[in-house]
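Please construct the entire structure, taking both the sequences and the accompanying hints into account.
As they're listed, the protein sequences go chains A and B.
Those letters in the first sequence? Residues 1 to 430, by our numbering.
Those letters in the second sequence? Residues 431 to 860, by our numbering.
By construction, these hints were calculated from the structure, which means they are not laboratory data.
Glycine residues also receive a C-beta, built at the ideal position from the N, C-alpha and C atoms.
Do not rely on the hints blindly, as some may be mistaken.
To be verified - Covered by chain B, according to a simulated footprint, are these stretches of chain A (three or more residues, beta-carbon under 8 Å):
{"hint": "1", "region": "127-135"}
{"hint": "2", "region": "265-278"}
To be verified - SDA-like mimics (lysine to any residue), calculated; alpha carbons at most 25 Å apart, straight line:
{"hint": "3", "chain 1": "B", "residue 1": "Lys-572", "chain 2": "A", "residue 2": "Ser-322"}
{"hint": "4", "chain 1": "B", "residue 1": "Lys-463", "chain 2": "A", "residue 2": "Gly-291"}
{"hint": "5", "chain 1": "A", "residue 1": "Lys-319", "chain 2": "B", "residue 2": "Lys-463"}
{"hint": "6", "chain 1": "B", "residue 1": "Lys-699", "chain 2": "A", "residue 2": "Ser-166"}
{"hint": "7", "chain 1": "B", "residue 1": "Lys-572", "chain 2": "A", "residue 2": "Gly-36"}
{"hint": "8", "chain 1": "A", "residue 1": "Lys-323", "chain 2": "B", "residue 2": "Glu-543"}
{"hint": "9", "chain 1": "A", "residue 1": "Lys-28", "chain 2": "B", "residue 2": "Glu-764"}
{"hint": "10", "chain 1": "A", "residue 1": "Lys-149", "chain 2": "B", "residue 2": "Phe-760"}
{"hint": "11", "chain 1": "B", "residue 1": "Lys-682", "chain 2": "A", "residue 2": "Asn-270"}
{"hint": "12", "chain 1": "B", "residue 1": "Lys-601", "chain 2": "A", "residue 2": "Asn-270"}
{"hint": "13", "chain 1": "A", "residue 1": "Lys-4", "chain 2": "B", "residue 2": "Lys-749"}
{"hint": "14", "chain 1": "A", "residue 1": "Lys-142", "chain 2": "B", "residue 2": "Ile-471"}
{"hint": "15", "chain 1": "A", "residue 1": "Lys-22", "chain 2": "B", "residue 2": "Lys-579"}
{"hint": "16", "chain 1": "A", "residue 1": "Lys-319", "chain 2": "B", "residue 2": "Lys-458"}
{"hint": "17", "chain 1": "A", "residue 1": "Lys-109", "chain 2": "A", "residue 2": "Gly-81"}
{"hint": "18", "chain 1": "B", "residue 1": "Lys-549", "chain 2": "A", "residue 2": "Glu-38"}
{"hint": "19", "chain 1": "B", "residue 1": "Lys-812", "chain 2": "B", "residue 2": "Leu-791"}
{"hint": "20", "chain 1": "B", "residue 1": "Lys-462", "chain 2": "A", "residue 2": "Asn-331"}
{"hint": "21", "chain 1": "B", "residue 1": "Lys-464", "chain 2": "A", "residue 2": "Glu-112"}
{"hint": "22", "chain 1": "A", "residue 1": "Lys-149", "chain 2": "A", "residue 2": "Leu-340"}
{"hint": "23", "chain 1": "A", "residue 1": "Lys-121", "chain 2": "B", "residue 2": "Asp-844"}
{"hint": "24", "chain 1": "B", "residue 1": "Lys-464", "chain 2": "A", "residue 2": "Ser-322"}
{"hint": "25", "chain 1": "B", "residue 1": "Lys-463", "chain 2": "A", "residue 2": "Ser-324"}
{"hint": "26", "chain 1": "A", "residue 1": "Lys-142", "chain 2": "B", "residue 2": "Asn-759"}
{"hint": "27", "chain 1": "A", "residue 1": "Lys-292", "chain 2": "B", "residue 2": "Gly-721"}
{"hint": "28", "chain 1": "B", "residue 1": "Lys-722", "chain 2": "A", "residue 2": "Gly-278"}
{"hint": "29", "chain 1": "B", "residue 1": "Lys-572", "chain 2": "A", "residue 2": "Ile-31"}
{"hint": "30", "chain 1": "A", "residue 1": "Lys-32", "chain 2": "B", "residue 2": "Lys-479"}
{"hint": "31", "chain 1": "A", "residue 1": "Lys-32", "chain 2": "B", "residue 2": "Asn-686"}
{"hint": "32", "chain 1": "A", "residue 1": "Lys-109", "chain 2": "A", "residue 2": "Asn-95"}
{"hint": "33", "chain 1": "A", "residue 1": "Lys-323", "chain 2": "B", "residue 2": "Phe-760"}
{"hint": "34", "chain 1": "B", "residue 1": "Lys-748", "chain 2": "A", "residue 2": "Tyr-325"}
Said to hold, decoys possible - Derived Cβ-Cβ restraints for the label pairs, each shown as a range:
{"hint": "35", "chain 1": "A", "residue 1": "Gly-14", "chain 2": "B", "residue 2": "Glu-857", "range": "34 to 40 Å"}
{"hint": "36", "chain 1": "B", "residue 1": "Ser-456", "chain 2": "A", "residue 2": "Glu-112", "range": "25 to 31 Å"}
{"hint": "37", "chain 1": "B", "residue 1": "Ser-767", "chain 2": "A", "residue 2": "Gly-14", "range": "36 to 42 Å"}
{"hint": "38", "chain 1": "B", "residue 1": "Tyr-600", "chain 2": "A", "residue 2": "Thr-236", "range": "27 to 33 Å"}
{"hint": "39", "chain 1": "B", "residue 1": "Asn-686", "chain 2": "A", "residue 2": "Lys-91", "range": "41 to 47 Å"}
{"hint": "40", "chain 1": "A", "residue 1": "Glu-112", "chain 2": "B", "residue 2": "Glu-550", "range": "39 to 45 Å"}
2 protein chains.
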Amino acid sequence: MSKKNINVGVIGCGTVGSSFIKGFISKKEIIKKKTGIEIDIVKVFDRDKNKLRLFKNIAAESPDEIIYDKEIDIVVELIGGIDYAYEFVKKSIENKKSVVTANKALISKYGEEIFNLAKEKNVYIGLEASVAGAIPIIKSLKESFIGNKITKILGILNGTTNFILSEMFYKKIKFSEALNMAKKLGYAEANPELDISGFDTGHKILILSYISFGNLFSIDNINVEGIEKIEPVDITYADEFGYRVKLLGICKREGNNIEIRVHPTLLPKNHLLSLVEGVNNAVYVEGDLIGKALFYGEGAGGNAASSSVISDVVDISKKIVSKSYIEENFNSNEKISLKLFDEIETKYYFRFTAIDKPGVLAKISKILGDNNISISSVIQKKDNPEKAVPIIMLTHMAKEKNVKKAIEEINKLDDIKKETVMLRVEEFLF
Amino acid sequence: MSKKNINVGVIGCGTVGSSFIKGFISKKEIIKKKTGIEIDIVKVFDRDKNKLRLFKNIAAESPDEIIYDKEIDIVVELIGGIDYAYEFVKKSIENKKSVVTANKALISKYGEEIFNLAKEKNVYIGLEASVAGAIPIIKSLKESFIGNKITKILGILNGTTNFILSEMFYKKIKFSEALNMAKKLGYAEANPELDISGFDTGHKILILSYISFGNLFSIDNINVEGIEKIEPVDITYADEFGYRVKLLGICKREGNNIEIRVHPTLLPKNHLLSLVEGVNNAVYVEGDLIGKALFYGEGAGGNAASSSVISDVVDISKKIVSKSYIEENFNSNEKISLKLFDEIETKYYFRFTAIDKPGVLAKISKILGDNNISISSVIQKKDNPEKAVPIIMLTHMAKEKNVKKAIEEINKLDDIKKETVMLRVEEFLF
Chain A
1 MSKKNINVGV IGCGTVGSSF IKGFISKKEI IKKKTGIEID IVKVFDRDKN
51 KLRLFKNIAA ESPDEIIYDK EIDIVVELIG GIDYAYEFVK KSIENKKSVV
101 TANKALISKY GEEIFNLAKE KNVYIGLEAS VAGAIPIIKS LKESFIGNKI
151 TKILGILNGT TNFILSEMFY KKIKFSEALN MAKKLGYAEA NPELDISGFD
201 TGHKILILSY ISFGNLFSID NINVEGIEKI EPVDITYADE FGYRVKLLGI
251 CKREGNNIEI RVHPTLLPKN HLLSLVEGVN NAVYVEGDLI GKALFYGEGA
301 GGNAASSSVI SDVVDISKKI VSKSYIEENF NSNEKISLKL FDEIETKYYF
351 RFTAIDKPGV LAKISKILGD NNISISSVIQ KKDNPEKAVP IIMLTHMAKE
401 KNVKKAIEEI NKLDDIKKET VMLRVEEFLF
Chain B
431 MSKKNINVGV IGCGTVGSSF IKGFISKKEI IKKKTGIEID IVKVFDRDKN
481 KLRLFKNIAA ESPDEIIYDK EIDIVVELIG GIDYAYEFVK KSIENKKSVV
531 TANKALISKY GEEIFNLAKE KNVYIGLEAS VAGAIPIIKS LKESFIGNKI
581 TKILGILNGT TNFILSEMFY KKIKFSEALN MAKKLGYAEA NPELDISGFD
631 TGHKILILSY ISFGNLFSID NINVEGIEKI EPVDITYADE FGYRVKLLGI
681 CKREGNNIEI RVHPTLLPKN HLLSLVEGVN NAVYVEGDLI GKALFYGEGA
731 GGNAASSSVI SDVVDISKKI VSKSYIEENF NSNEKISLKL FDEIETKYYF
781 RFTAIDKPGV LAKISKILGD NNISISSVIQ KKDNPEKAVP IIMLTHMAKE
831 KNVKKAIEEI NKLDDIKKET VMLRVEEFLF
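Now the structure itself:
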């Protein structure tokens, strides 16, 4: 008879941690019935003793009580942040414990080291909750799509920024007002920098790229732009052209080149991704067998994340009770390289603010043409009282480096009265 | 050292079968790299010898050559239909082979027997490809959402009927014309009865309900309506009220009561499900932890299905090489009962065809009122040359049995000139 009971320790008892513990305890019997495995949460630690009040009978005095407990099979790390989490996860693995984590910052930085160490120690890592809350995107990419060559992943991966952009669109309000609304409703943290700067989305798209292509690139080497500079007027003009503005994590593979980037993006209004509102998340995937697929769901909140944590804990429990260790490699030994951001090609949206006099459009167009950028449509507005009018333009496919050079030249024109706004466009049919 | 190579036999080499074999062979090395397991397709059988031409070196003379081959670990059944498939699957399991199948008709009829036999013989069943093509809905319900109490599943599960309804909407054409279009494009079979009658959707929603709730109900005990009777005029009026018409498989749980039904359904236009066009599929799921989730993807075609077959083959291979058998139960021992269709409550759309004279609306309204049906909105059209005008009505929540009774009474009125059209409405916010 093999081992049929699994002990779990939890480090971190905040929103996700407490939801997980409560959720798991209430579903324990059903899970046992379905899998034949008895899984128990035997210890929980949090630095804030108040958070342990509900779980007194299993409260631990220190994380070490969990990490060094020989009876514990799985450590669930839900403290967030990098330094302590890294230490706890590493020590847990060294002590032959499998680890389940929701920590995208940790995995996007130390993922390779963590997975390698886990393989060395014959333990497992679960990270479903680290990306897109309840959406089973990690498992789908890793297992369901294992026969696919994945070519494209586009994700709305951060609920706070998506909420802000939805509010700005529907209520015609400024970024700062929408951010305050998000804070008031508890959708944004007191310090929302990581969200609005795009870095949280960056961590998540790096993880999805790692799972799909086997290479974990550094956040320092990809382009990350946030939504702080988005003005209501650009949301309105995008709408006029038939687009919504969304903060996307984008990952595309062409041959052995991968491009990964995070920035506000114009998306065709009728695309399913454009319809993802509020704090919800969605991930769009293309692969050679699946064609086009989309996953939509709640990206944040204790319950959504704890659904994914439970799933990981159960999966790993099944693996532990079976006797052989099944290794897991994302890396297919292909030499994959990251495309320089300046080399990417996409369509662009520009908003120039120019003196309303003849010849201005000609000057702008000439600079664009000289830089190999061709215009697909343009609207020149006539309603600005200060005589500086907005000229809005969409381009055909152009190279990032050429666009930057052209914008720099255009901004230097005497007729240009404000820094030009540039946004990138994703066009694709469903 | 445990066994690290797995042999697969394939019965059925049509569209999905040949896509699977080709796809698998081309991905074999990557799968080996990722899992450490060597998986080989060693035999393939089809009654039509022509279909085996491409695979001469592994062609079998009879299915028995696969079913009784002691070296084969997994049998992939892709012949479709029920009788032969049932025999092959059963014999394969009896010979201690795991089975992967895309056969929804088979599973929706014999699923319980097949899963019980598999458990008895310590082998596994993979059925991802049986519902919604490439969409990993089975795995998500079984594994990713294992911590959830699922309360609602709504699915566009049949590509043919969804294509026809999309065509009727966009091109303002009749059912028969759209069906011909589907046949011409290869989206409908020569005999599309199983699709357009709703029974294919019925098989699939029964499987999703089985995976989620542990009870496999019979297609004979659920309401199944197809799209044959949908007229363009109802699609137009639905549009005026803000709805799209979609063929849905619906499964809802309330307490230990489950309702399962298949019928054309009015869905709010801005709901993600309404935007699923052409041969695509989508499944919407609600659960206590996940909240609301949606999966979208290609529902048909050899590649989409073979992506799911590959995933099942790899998953089962991993389980086989690990030494312990992990049982799998969908049944949670709850006593779940199927709600009688007459007892369901939903909102309704009616199209009455009535003589255009004073008092008709009052008579209709009285009958509805007497049957506890309250009206939420009504449009009376004035543009019918034959003096019989359409009256279109939406109701608040009402009971199916009352609605049927009321319609019967209304149809008997002298002023009613045609059988009343009744469609059901699903209202829910995303």
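Checked hints:
1. 127-135: Contact hint for the region 127-135 of chain A vs chain B: holds, 3 residues under 8 Å.
2. 265-278: holds (count 4)
3. B:Lys-572 with A:Ser-322: holds (19 Å)
4. B:Lys-463 with A:Gly-291: holds (23 Å)
5. A:Lys-319 with B:Lys-463: At roughly 19 Å apart (the allowed maximum being 25 Å), Lys-463 (chain B) and Lys-319 (chain A) satisfy the hint.
6. B:Lys-699 with A:Ser-166: holds (19 Å)
7. B:Lys-572 with A:Gly-36: holds (14 Å)
8. A:Lys-323 with B:Glu-543: violated (28 Å)
9. A:Lys-28 with B:Glu-764: holds (15 Å)
10. A:Lys-149 with B:Phe-760: violated (32 Å)
11. B:Lys-682 with A:Asn-270: Violated, because 29 Å separates the two Cα atoms, which is more than 25 Å.
12. B:Lys-601 with A:Asn-270: holds (18 Å)
13. A:Lys-4 with B:Lys-749: This hinted pair holds, its Cα atoms lying about 16 Å apart.
14. A:Lys-142 with B:Ile-471: Distance ~22 Å between Lys-142 (chain A) and Ile-471 (chain B) Cα, so the pair holds.
15. A:Lys-22 with B:Lys-579: Holds: Lys-22 (chain A) and Lys-579 (chain B) sit about 14 Å apart, inside 25 Å.
16. A:Lys-319 with B:Lys-458: Roughly 23 Å between the alpha carbons, so the hint for Lys-319 (chain A) and Lys-458 (chain B) holds.
17. A:Lys-109 with A:Gly-81: Distance of about 11 Å is within 25 Å: holds.
18. B:Lys-549 with A:Glu-38: holds (19 Å)
19. B:Lys-812 with B:Leu-791: Between Lys-812 (chain B) and Leu-791 (chain B) the Cα gap is close to 13 Å, so the pair holds against 25 Å.
20. B:Lys-462 with A:Asn-331: holds (11 Å)
21. B:Lys-464 with A:Glu-112: The given pair, whose Cα atoms are some 15 Å apart, holds under the 25 Å limit.
22. A:Lys-149 with A:Leu-340: Given that 25 Å is the threshold and the Cα spacing comes to 22 Å, the pair holds.
23. A:Lys-121 with B:Asp-844: At roughly 81 Å apart (the allowed maximum being 25 Å), Asp-844 (chain B) and Lys-121 (chain A) break the hint.
24. B:Lys-464 with A:Ser-322: Given pair Lys-464 (chain B), Ser-322 (chain A) holds - Cα atoms ~19 Å apart, limit 25 Å.
25. B:Lys-463 with A:Ser-324: With Cα atoms ~17 Å apart, Lys-463 (chain B) and Ser-324 (chain A) stay inside 25 Å; holds.
26. A:Lys-142 with B:Asn-759: holds (23 Å)
27. A:Lys-292 with B:Gly-721: holds (24 Å)
28. B:Lys-722 with A:Gly-278: holds (13 Å)
29. B:Lys-572 with A:Ile-31: holds (11 Å)
30. A:Lys-32 with B:Lys-479: Violated, at roughly 47 Å.
31. A:Lys-32 with B:Asn-686: With Cα atoms ~20 Å apart, Lys-32 (chain A) and Asn-686 (chain B) stay inside 25 Å; holds.
32. A:Lys-109 with A:Asn-95: Holds, at roughly 21 Å.
33. A:Lys-323 with B:Phe-760: Distance of about 23 Å is within 25 Å: holds.
34. B:Lys-748 with A:Tyr-325: holds (10 Å)
35. A:Gly-14 with B:Glu-857: 34 to 40 Å: Given range 34 to 40 Å: holds, Cβ gap about 36 Å.
36. B:Ser-456 with A:Glu-112: 25 to 31 Å: holds (27 Å)
37. B:Ser-767 with A:Gly-14: 36 to 42 Å: holds (40 Å)
38. B:Tyr-600 with A:Thr-236: 27 to 33 Å: Holds, at about 28 Å.
39. B:Asn-686 with A:Lys-91: 41 to 47 Å: Once the Cβ atoms are compared, 45 Å apart, the range 41 to 47 Å for Lys-91 (chain A) and Asn-686 (chain B) holds.
40. A:Glu-112 with B:Glu-550: 39 to 45 Å: Roughly 43 Å apart at Cβ, these two residues keep to the hinted range, so it holds.
Of the numbered hints given earlier, the model fails hints 8, 10, 11, 23, 30; all others are met.
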